[in-house]
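Novice: Protein chains in written order, with my numbering: chain A, 1 to 916; chain B, 917 to 1149.
Among these hints, one or two may not hold up.
Derived, one-sided and incomplete: chain B residues facing chain A with beta-carbon distance under 8 angstroms [as the list claims (entries may be wrong)]:
{"#": "1", "residue": "999"}
{"#": "2", "residue": "1015"}
{"#": "3", "residue": "1025"}
{"#": "4", "residue": "1028"}
Pairwise CB distance ranges, derived in the manner of DEER restraints [as the list claims (entries may be wrong)]:
{"#": "5", "chain 1": "B", "residue 1": "1037", "chain 2": "A", "residue 2": "852", "range": "47 to 57 angstroms"}
{"#": "6", "chain 1": "A", "residue 1": "907", "chain 2": "B", "residue 2": "958", "range": "17 to 27 angstroms"}
{"#": "7", "chain 1": "B", "residue 1": "1104", "chain 2": "A", "residue 2": "413", "range": "37 to 47 angstroms"}
{"#": "8", "chain 1": "B", "residue 1": "1030", "chain 2": "A", "residue 2": "5", "range": "53 to 63 angstroms"}
{"#": "9", "chain 1": "A", "residue 1": "907", "chain 2": "B", "residue 2": "1036", "range": "32 to 42 angstroms"}
{"#": "10", "chain 1": "B", "residue 1": "931", "chain 2": "A", "residue 2": "2", "range": "35 to 45 angstroms"}
{"#": "11", "chain 1": "B", "residue 1": "1116", "chain 2": "A", "residue 2": "907", "range": "28 to 38 angstroms"}
{"#": "12", "chain 1": "B", "residue 1": "1104", "chain 2": "A", "residue 2": "852", "range": "50 to 60 angstroms"}
{"#": "13", "chain 1": "B", "residue 1": "1030", "chain 2": "A", "residue 2": "907", "range": "26 to 36 angstroms"}
{"#": "14", "chain 1": "A", "residue 1": "5", "chain 2": "B", "residue 2": "983", "range": "48 to 58 angstroms"}
{"#": "15", "chain 1": "B", "residue 1": "1036", "chain 2": "A", "residue 2": "859", "range": "31 to 41 angstroms"}
{"#": "16", "chain 1": "A", "residue 1": "907", "chain 2": "B", "residue 2": "1104", "range": "28 to 38 angstroms"}
{"#": "17", "chain 1": "A", "residue 1": "409", "chain 2": "B", "residue 2": "1116", "range": "37 to 47 angstroms"}
A few chain A residues facing chain B, derived, Cβ under 10 angstroms [said to hold, decoys possible]:
{"#": "18", "residue": "533"}
{"#": "19", "residue": "536"}
{"#": "20", "residue": "537"}
{"#": "21", "residue": "540"}
{"#": "22", "residue": "816"}
{"#": "23", "residue": "819"}
{"#": "24", "residue": "822"}
{"#": "25", "residue": "824"}
{"#": "26", "residue": "825"}
{"#": "27", "residue": "826"}
{"#": "28", "residue": "828"}
{"#": "29", "residue": "830"}
{"#": "30", "residue": "837"}
{"#": "31", "residue": "909"}
In short, the hints are calculated from the structure, not lab data.
Just so it is clear, CB atoms sit at the ideal spot from N, CA and C, and this is done for glycine as well.
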Amino acid sequence: MKKMLWRHVLREFRFSFARFLSITVLLGLGVFVLIGLKVTGPDMRATGNDYYTTHRMADAEIVSNTGITKADQTYMRHLPHIKRIEFGATQDAVIKGTNSGIRLTSKTDQISTNQVTKGRLPRNNHEIALSNRKKSYYKIGQSLHLVNNQGKATITGLKHTTYQIVGFVTSSDYLMKENLGATSAGTGQIATFGVVSKPAFTSSQPTVVRITYNNVYGKSYSNQYENQVQVNVDTAENRLNNRAQNRRKQLQHTALIKLNRTQAKLTTKQNQLDQQRTQLTSARQRLNRANQKLAQMKMVGAVSASQLASQMAQLTAQRQQLHQNQMKITKATQKLTSAQAKLKTQRRKISKLPDVTYQIQSRNDYNAGYNQFGEDAKRIDVLSNTFPIIFFAVALLVGFITMSRMAEEKRSEIGTLRALGYTRLDTMKVFLVYGTTAGLLGSALGAWLGTSLLPRRIFAAYAANFVIPNFQTPPSLFWISVSIIISLMCTLIPALWATAVMLKERPAILMLPKPPKSGSKVLLERLPFIWQHLSFNNKVTIRNLARYKSRMLMTIIGVLGCTALLITGFGIRDSLNGIVTTQYQDIIHYDVIGVYNPTASQEEQTDYRQAAANLKGVKHETSIGYETVTFRPKGVSNNQPISLIVPKSTTAFRQFATLRSPATKKPLHFSNNGAIITQKMAVLGHLKVGDYLTVERTTGQKDRIRVAGITEMYAGHSLYMNEAYYRKAFGHNVQENAKMLMLKDRTTQNIDHISRQLTKQDASLTAIQSDDAKTTINHILAGLNHLVVIIIAAASMLAFVVLFTLTNINVSERIRELSTIKVLGFYPMEVVMYVYRETFILTLAGIFSGFIAGAWLHNYIMQTLPPETAMVKMTLLWTNFTTAGVMTLIFSVVVMGIMAYKINRVDMLGALKSVD
Amino acid sequence: MAYIDVIHESKIYGSGPQEVRANDDVSFEIKKGELTVIVGASGAGKSTLLNILGGMDTPTKGQVIINQKDIAQYSSRKMTTFRRTSIGFVFQFYNLIPNLTALENVELASQIAPNALDVSQVMVDVGLKDRMNNFPAQLSGGEQQRVAIARAIAKNPELLLCDEPTGALDYQTGKSILMLLQNFSHQTKKNVVIVTHNGMIKPMADHVIEIGDGKVKQDQLNANPVPVEQIEW
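This is chain B alone, in the form it adopts within the complex (with noise of 0.2 angstroms):
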């Protein structure tokens, strides 16, 4: 049984000559448990798909199944329900809040999710004993990324959605941040999907899906995924 089913998803903005499908009849399935990284070139339609799986817009038709149900249906209270219950998000640009130290960042959505992890262990999860109560702007890249990780995992989601996730850091930073998704991925059984551009880092997933035009260029599963240290871009 999938975890997630999209089926004939479209995602269509504008009507007539002006139409523009940005998703267009999308179909696929991602099991419990997998590391998913989709990928494909700028305005594929990939960070329209993320936005979908998370929640964050609806699709112009289809169904986007997620543990059974139709999320596609879902009134916008509904879907700010499941983002907070269910969902992570990291995106490219950390966005955390330049107020808060980076544990208060991280509390922020711990406190509002029902089934939250104990936020200092999260902490020391991704590497970050030590910053705890640094503001962002006392941190480098790689550690305000860490901390935008953290944010996300400490609400225990069902589902972690990353949206370029090493786009604004150096190699090897980013390196530790694909490394940091991969093992929590694996420790925690937790569905991980990752959307980039960056195609080398592929055979890190256990499932890859190919995205150009809107439409599903390729899905295929990767039997054996390579740890993100062997793996040079």
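Next comes chain A alone, as it looks inside the complex (with noise of 0.2 angstroms):
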């Protein structure tokens, strides 16, 4: 038994605490960074998994504008690959009494289906099962009443506007908690939603289909999954495009019809009415005759007074009964020439009548949460590729070194146990034990954080915007292990190794104190000129920094890794808060787009107009063209949507936006050969100024569009261009469709108020608020604030342990040089200032360098992690370099603080006296 052997190497744990503690904390933060964000993506992808296959969530929907034919869905059925298929209607009605939008669907069966949290779902058509996060609002058992947008209670679409609720469920087409997407009903975002059953609906023809597929595997968002989905609604797109442009000529063609059975009527109508006049006409003469003969026959005397007086009396009724034939068919005239008026528009109407659209779009276009849900995965992950590697970097440089050290200062020792004629194994024992502790718990102790604070953390900050619960965070083992791997290569090998060099001397030397690293002449010796005018203190300084270049130089990594992680948090706070106000208040700067129907009535337009003109509060507005199209660079999986704004005056629409080149902050012009692009689509599409991108229309239609400038904007696409460039990129002419408002009180109440006015137009179709995306920047601000906050809070506590351990090591192995000072009678701060310049030095050094790293990280990660319909300003602000710096002196300084204390309490005397 080598009791005493053990009782040694446990010992070792009292003896050197702080170092034990420190390796420990360093291994356990890079753990704790390395899990944390590698296992938050995946986390939160299979709980979104998980909440989208409990509620049977569609792979894809299709969304048409007009009710869908037996024949169409017939067709839809037998579109390749389709597993099930459920048609279901949608209505969006105003809860009255608030300007809320609430969305009605109508119950599924199989595909997307609603989860009861409380009650039960709707079995007749005057019940309704409401969002789970109406549960604190509503009752059971209460009724809710519907309006339409004028406050009226009929909605077109809808039954009834009087429901009972009857219980709360959740759903995986609304993801979001805000924001659940735009309406024609309320303020243009829709509030709420509900589930009422399917006779609800006064059309049976249905709008909505909810597709799943058969040759789909594998999870949501993975690339296999995403990937088969597009391909195949790529496939059933065109197919589609046809059948709406067929649905088109189909309904033209039922309407022409019926139109040709009017016509045909109004003019047998007319050919009667003809008939009449020629009857009327005839009948005038025929009486006129009569009168003549009469009058003849009374000069002539030939009839008897009486026999006048009655034939005078039946003509005079005759005229009568003529001049009320006439009265009638002139009214009938007029009647039939206003039918025919009416016909004529009804014709026009038809002609232009709008294009059906069967868009078919996977869970990443038809459900915004879902995307989003799945790039603020994809964000952590892209962190989790950069932050990791510093801390690892670091502790694992700190680790080597303190390994290193220990292994020197146990020199004599390992000599005495050899010596004795304890094996080689047997000596490095200590080291094994000591590293594999340290290691073992460290990885321990990150993983755990690791595995549960960390992604609870991050989820917390962005379940903020999701209904999506039950986070889960099962332990990842591959990243354990990886790290435990890790982790126990930092401490047992540079201890190892360090060990292994020395057991190849005899013990003899190895008992004889290890001479101290003597001096040398340093380079800057030889330049006289510079070297004699250096304080002495100096001098030293240099001297020592030149004498231990190898933690000189990981002191200055370890510094620099700290403060570029610093800096970096403290720049991605700054340049997400920065986007709000350069979006808001330098480059957009109307407030709502009002959307209104180009073919609603002429008059119908016109009151949209004016009401937009009039509102209170507007102070600027005007006409443009407004158009969601689509586009997908190369590489990225799903369509991008652009606002496409045509300004009916280019001039005028100068107040509404700054269109400015990001670079220089010209002003763009709009050009009769080309559009305005966003940044983030030049930067998605690889897209130079003469470059040409394709869009895609919501009706299938994809054009080619010339790009003529690029302009500054952080979130969101959107595609300018003037009416000339529109007529000869799409072959027609551009619909004025939309007004650009400008308010004098820009708060989202008074933005929300102006919305709900212009809504409640007849022509309206949906008011677009331009902060939308504001509260979308907000929310990944607020989810990645949290995020920094965790990065700051590790990266100072990373960069104060290394400091310690740095200064530790530096003090401990001059101790007796400090001991000699001190007792050559160097005051407490001067024999601290002695060692402690040279970190001083080092760690301005390793700030200085830092911020090089910081502004570089920086940037890559400010590239990189944004969505794809979002950039942020790469600028860091000057604030960003003094924060890091200060606070990284304001650690080395703390560290400072408790090594003089230490320093202070050395015993000088016992340090001289020994050899070592």
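Dock chain to chain to rebuild the complex, using the hints, since each chain is given by itself in its own frame.
Specialist: This is the structure:
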């Protein structure tokens, strides 16, 4: 039994507890950040996937702007790879007494089902189940009153407007808590949703089709799954576009038949009328003739007076009747003319019948929440590829120095043990046990916090905007194993390597003290004109710096890493904060785009335009053509939505948005030869001025657009062009269909209020608020702020431990030197500065190189972190640098304080008496 | 008037049954300009005494009056100032800073002392004129001890305290170091206190104090000190 050897090993922990703690903490930090960031993305996706699976979320959806006929339904059923298909309807309304828009969806049985959290699903067309989010606002049994945009209790498409609440449900269609989608009801954004039975809708023709595929495998968000769905969707898209065009022709055809029938009727009537008129004319002639005859007879006196009088009366009556008939005919003619006119407008309308859309979209496109949740998870993945590397690199480095230093300290001990006859393995045991314990303990601690705490914190931040509950944090065996292996490598390899080198020497030599590292001239001494002007202390410091080159480098790298992390942490926050100001103060000046239906009657359209112009609180307004198109750059998994904006007057438009070059801030001008695209589109599509991009319209039509300019924009994609280029690009004139408004009062409440006023109009389609994106940015910001706090805290801790460990080693290694100058009469502060001056210089060097590394890291992360629809400012504020620098300096000073305490307690005589 | 007056000084570690008296009621006087040798076996308490004289340790009881000031009452800060301005130390292990040249090691001390001597001159005085720019690792043991002495002298201290200055040196080298110390004392009329276990060097001193079991065993003045060259041991 080598009991004493084990006792010696165990005592090592007690004697060097600070060192043990710092290694453990360092490794723990590295593992914490690595595991935490690596698993959060997958955890989020797994949680989402579970939610989608329980709700049997549709793989794809077809949305139509008109009812889908039985024939088209059959057609859709036979699209390739369909596993299940379900047809449904939706209708938007306003909850009575509020501005809130509600979307009613028909109950589903197989796909995108609703999970009941309380109560039950509706069974008849008087019942409704509301969003689970409304559980605290409404009670089961309560009645829900709905109104249309004008506040009237009649809603097109719905049989009833009053429903009894029978339950509360969750849905995979609505993953976000706020802003569930654009609508024509209420403020323009859907506030909540409800589920009603199918018979609650008046039309039997569905407008929404939910599809699951039989050839998709893998979990949601996996490439395997997303790519296969996209392939299916792309295949179906062309077929559906054709079908939609046919449907339009069919609709036109039906309408024309009906029209022609009416026309025919009208024609018959016209003919009849004409006949009547002829009859009337002949009748009048006859009457005139009779009158003449009567007058002749009167003159001749051929008839008796009584006979004459009766004849006279008869004639008057006939004249009156004639007059009446005349009147009737005139009226009928008028009626006919107006009917004819009506028919004419109808005919025009039919020819201008809006395109029928059968838009098929994958989850990423039909469900903004799905996409955003995935993007959020992806953002963490991006971070997980950089931050942990830095943490681990620094931890590794310091662990390495500490363990080799430990081996150095144990030199004579190793010699003694070897001299006593212990085996090499025995002498190494202390390092094996020490290193393994520190490595395992650190990994365990880091893995535990990294598996539970960090992902939960991040998710809590994101979940603020999502309804997805039950975040799962299963331990990732892979990443835990990787962490343990790296940690053990950090602690064991340096110690074993250092001992292995020592063990090659004979024990006798090992027992002798290792001569202290001797000094030598530094390069600077060869430059007497500099060297001679340095103070004595500076000379000493420079010598010392040159003496411990490797440690010098490690201190710099350690501090560099921490400073870079701090800068990045603060920088991310400010970059994101910065875009809100720039985007909504410097670039976008409009508040609302009110979109109306260009196929509505002229009267309704005029009403809308006048209402928009006369709304109280509108500062400026202008007319535009507004359309949503998409583009899919190479390497991007989903279609990017683009707002296509065609101002009626490009001069007036300047007040509403500042289009300027991102770099030079010079204003951009509309061109007859191309469109102005936003910055992020250019980045995604690798587009330069002069390049072409292909956009797809809701009808499925694809057109090439030439890039005439690239404008600064941080959130959302937009395409700006003038009317001339629109005609060139799309082959027809732009249809003016929207009003862009700038408000005096730009608060959310007022914007909501104005939006509500617009959607009340008959012609209204929807109101798009420019700050819809603001909400999204703010949400991302809030989420990242939490993450940034964690990163900053971890980086601070790292900085602290690194400085502490390195200084601690420095002090303990030079304890004799410090004792000597203490005996010489150096005051405590002078003693501390004697050794700390160099740490300080190294810290400063680390901070400055950290500035460079931090700027680079920030730039890299800011390029990869934002979602595909947004970008952020790359510039770092000088405060990011100063804050990070000052924080690192503060850590340094705190460590200095601790060291000063330690140095002052050093037994100077003990250190001087001993050989070493 | 005595330059150093130690009155009933005791240094006691621990208490109760574990009490250890390193110095037990020590009293003696040293006049200005004396070369004093304190002799005693290992563990007799002589080093403790030297540390107390040098302001590196405080006595548990009693007074230590140096140049009319009781340093036993000094605060840690005052003790440091006292070491800085008034004391020069020489150790058995030279304790040179490996990273500084011989000259720089001396400068290290001179730059904090208010009345420091010219460093180059001191180096010449201790016989290191040609080795000034060497690092400690490049010097022999005797040379290193000379640097240590030069470092102590360069501060121009009132009192030079040497703890076994020849302990790590060979006979001849040791002798030359002692010679250096004796000359310094007699030429500058400054007090030098040498602590040693080697009783044979007693004749070189003006004043010999013998310590045993923490107490003063013998305290005698030597009217005719012998030059170090003539002492053999």
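Novice: Please name the hints from earlier in the document that this structure breaks, with their numbers sorted from lowest to highest.
Specialist: 15, 18 and 30
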